[in-house]
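Asker: Quick mapping for you: the protein sequence lines, in order, are chains A and B.
When we follow the working numbering, the leftmost residue of the first sequence carries the number 1, and every step to the right adds one.
When we follow the working numbering, the leftmost residue of the second sequence carries the number 114, and every step to the right adds one.
Among the hints, erroneous ones may be present.
Claimed, not checked - Below are the DSS-like pairs computed for lysine-lysine, each with C-alpha atoms no more than 30 Å apart in a straight line:
{"#": "1", "chain 1": "A", "residue 1": "K9", "chain 2": "B", "residue 2": "K150"}
{"#": "2", "chain 1": "A", "residue 1": "K14", "chain 2": "B", "residue 2": "K154"}
{"#": "3", "chain 1": "B", "residue 1": "K169", "chain 2": "B", "residue 2": "K180"}
{"#": "4", "chain 1": "A", "residue 1": "K9", "chain 2": "B", "residue 2": "K211"}
{"#": "5", "chain 1": "B", "residue 1": "K170", "chain 2": "B", "residue 2": "K154"}
{"#": "6", "chain 1": "A", "residue 1": "K71", "chain 2": "B", "residue 2": "K170"}
{"#": "7", "chain 1": "B", "residue 1": "K153", "chain 2": "B", "residue 2": "K181"}
{"#": "8", "chain 1": "B", "residue 1": "K154", "chain 2": "A", "residue 2": "K71"}
Calculated directly from the structure, the hints in this document are not laboratory data.
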Amino acid sequence: NAGVTQTPKFQVLKTGQSMTLQCAQDMNHNSMYWYRQDPGMGLRLIYYSASEGTTDKGEVPNGYNVSRLNKREFSLRLESAAPSQTSVYFCASSDGGGSDEQYFGPGTRLTVT
Amino acid sequence: EDKVVQSPLSLVVHEGDTVTLNCSYEVTNFRSLLWYKQEKKAPTFLFMLTSSGIEKKSGRLSSILDKKELFSILNITATQTGDSAVYLCALLLYNTDKLIFGTGTRLQVFP
């Protein structure tokens, strides 16, 4: 089992460019999440998906869109990147419905210049 | 507003020392409190606490939750250099799958 995988590992964008971060899990989990981690701010939830076909906003959704493509995959899109979106992005998954542990992917380090 | 505060922000100790990390919260309704360890990359799960007063143990690590005083502690005894990491506390809200994280405590253990 690979667990939770993310691509790419690193990315540099110019202001205004767009990109999609990919996430996949092979644990047959129902719920998937996107977080960003900034120095001194801890992990903050951007969007999450409790099941295939549903998505909900988290704490910091502005500037992002998500797609739950199927049960395995959950992508995060930046339509017009801004320097404030420079961060490390983590995808996570959990079984949901009473199983509380979330499993995290290795992260994507994004720099917007 | 739901809030999770960890202290200290940073801690430097020598191998063999015992450390206590604190997590206090202002969350009105939560299902469980989770502790994670984050080294270079992804956070890895340590403990989940749901009931007040029941200690969870795993080797040299232990944790307990006090729902009356609204805090949890993570103890690490006989620290080793491999314990150096950021330790994150998070609360899972009721009726959602949302985790609210604290800012973390950075622990550095020197030989």
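Asker: Now look at each hint and say whether the structure bears it out.
Answerer: Now for the hints, and whether the structure bears them out:
1. Distance hint between K9(A) and K150(B) is fulfilled; the C-alpha atoms sit about 20 Å from each other, no more than 30 Å.
2. As the CA atoms of K14(A) and K154(B) are separated by approximately 25 Å, the hinted pair is consistent with the 30 Å bound.
3. At most 30 Å may separate the alpha-carbon atoms for a hinted pair to count; K169(B) and K180(B) meet this at roughly 15 Å.
4. Using a Cα cut-off of 30 Å, the hinted pair K9(A) and K211(B) holds, with the two alpha carbons roughly 25 Å apart.
5. Restraint check for K170(B) and K154(B): satisfied, since their Cα atoms lie roughly 24 Å apart, inside the 30 Å limit.
6. The straight-line distance between the Cα atoms of K71(A) and K170(B) is roughly 34 Å, outside the 30 Å bound, and the hint therefore fails.
7. Restraint check for K153(B) and K181(B): not satisfied, since their Cα atoms lie roughly 34 Å apart, outside the 30 Å limit.
8. This hinted pair checks out: K154(B) and K71(A) have alpha carbons roughly 24 Å apart, not beyond 30 Å.
Hints 6 and 7 from the list above are not met by this structure, while the remaining hints are.
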